[in-house]
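Peer 1: Please construct the entire structure, taking both the sequences and the accompanying hints into account.
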Amino acid sequence: MIQDILKHQIAAAIKHLYQIDLLDHQIVIENTKPEFEGDFTYVVFSILKQSKKSPEQTAQEIGEYLKTNFSQLADFNVIKGFLNISLSNQFWFEFLNNTYTNKDYGFVFTHSGQKILVEYSSPNTNKPLHLGHIRNNLLGYSVAQILKANGHQVNTCNLVNDRGIHICKSMYAWMQFGNGETPESSGLKGDHLVGKYYVAFDKQYKQEISELVANGMPSEEAEKKAPAIIAAQQLLLRWEANDKETVDIWKLMNSWVYDGFAVTYKKLGVQFDKYYYESNTYILGKDIVQQGLAAETFFKKEDGSVWIDLTNDGLDQKLLLRGDGTSVYITQDIGTAELKYKDFDCERSVYVVGNEQDYHFKVLQLICKHMHKPYADGIYHLSYGMVELPHGRMKSREGTVVDADDLIDEMITTATATTVELGKANGIPEGELNHLYETIGMGALKYYLLKVDPKKKMMFNPEESIDFQGNTGPFIQYTHARIKSILRNTGEIDFTQFDFNQTNLSKTERALLFTIYQYPQAIFDAGKDMSPGVICNYAYDLAKAFNHFYHECSVLKEENLEQRNFRIQLVNLTAHIIKSSFGLLGIEVPEKM
RNA sequence: GGUCUCUUAGCUCAGCUGGAUAGAGCAACGGUUUUCUAAACCGUAGGUCGAAGGUUCGAGUCCUUCAGGGACCA
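Take the first sequence: its letter number 107 is residue 106 in numbering that gives the first Met the number 0, and every next letter is one higher.
Honestly, the hints are just simulated from the structure, not real lab data.
Glycine included, every Cβ here is placed at the ideal spot set by N, Cα and C.
Hints may contain errors.
Just the calculated beta-carbon pair ranges, DEER-fashion [stated by the list, open to error]:
#1 Lys223 to Gln356: 22 to 30 angstroms
#2 Leu432 to His359: 25 to 33 angstroms
#3 Leu432 to Lys223: 55 to 63 angstroms
Peer 2: Shown next as structure tokens:
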């Protein structure tokens, strides 16, 4: 990239002028702020001590050196300690000439040599997916795409939490009140049907507790002695004992849930290379804990429970296996980590999991380190913030959950209404409309959730619908559609006949080109931070730069043929990058809207 | 009791490893369509970057303390 050459030249200038040895990467080049003239800026304050001259003079001297030694430099200006450098038009034309045919512009194809496994989604099978899961799924999918674009070899997996007391609760309630109800008989989506019984369990359980408390039992005791919870626990025991009837019901109800999830995943556009099931991995986890015990990495307490002492790591003692030999959460994660490494041989294993589990993953990584597992250092918890509602976080038991399927449907309904209202549906064939509504609705939802820095918690207000204007998915999709509309009307052009060197380069054209030039950097930054938000911000900047251009420059009406062709290529490349960047986010872009 | 984390405009969010006058969108107000799609564009207004210290040429960004929110471990 030109910045690297520029850094090298600046280092040479400093060496020549002040006899200071700096490595290229110690030179920091920034993009010039829009209110100033120039493309890139070098800030000289850090070398003043050695240059022993004023900021202005130092910057001026470096600028003059560059002007004679750096051919791509057209001009420079100095404001205080800021050296603003303008590149030549020639440079920008060459850049466009070399780029507009590159279908993979911005993507890295030289393999980084790094294999990465991204685990995401990882639902429980006792209830349908909600808004928090949507954030997780979109993040996981997008991060995988971004890492691929950075040249890594990426696989994805989904670890399904398909066993445990929560599933038994749904099972118990279904056995009690279900009368053999199925998704077919009820017309309910499988995961919603099972979720219905999970709620029914909770209602029954609470009622039993209040009855026991009314009869004088302390509430803590009542929570343990309510018949419903005892029944669920017995179901779990029977499941672990491989009781056929119990396992059959478990399989049946889980299959309903999987059918339901498959529908939601399809709507979200996410997929996985491999599924793991905790019902398969927890046994392996127990084995590994036994190995660690034998190696004295872990220790056993009097009641037979197994622990690891992490006090030297600043944490405390952590339970790995209960006294009765049953596993805890981390037991199965130890097993899964091992399995994933064996299956994918990956240097890095990314876990897309909420930040409420920060402590858990810190512990998991430490355990693996203490066991000298080769994959320990590669464990990376992509810890994302919760989605909060105006009244606090979502609680399924309090009915404050925003259901994934409902929200998706609502988005598509809104997209339909808005499109019709704006009269945009008219020119579009009937058969394409539904897909368009889906594209816009999902575009709005996905962009809304992805534009926020993953690490931060975010607010969602169900009372306010997600916008379609401004910094939104549909705005950027619209920009794409507008460009495509231009490109449909250009007629046949043989671009090989033109070079653009004679063309004028206006300020807005230059600004658009400059933004286009930043795309590879955006992909790199997004990969480094595993943040789709970086791509969102970039795509928005690009769309804004285009719209600004669109209002100032005409493409089709431009009379100068070279100028016209230059603009066609400029705009064509812009559309391509919008599509490409949205691809990294898992968002489609329409040809018309 | 301990650990982690967050606090930027009325609202939702940007702000890269410290750099120029802290930026967008929404909401509010005003303007732009005989010209490639007005889901657009332009403008006005809106800020003690939670508070106080410190580090330095320079702090929203780094350090300390405090307040408030959130999460987790026992």
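Peer 1: State for each hint whether it applies.
Peer 2: Hint-by-hint comparison with the structure:
no.: 1; hint: Lys223 to Gln356: 22 to 30 angstroms; result: 26 angstroms, holds
no.: 2; hint: Leu432 to His359: 25 to 33 angstroms; result: 46 angstroms, violated
no.: 3; hint: Leu432 to Lys223: 55 to 63 angstroms; result: 56 angstroms, holds
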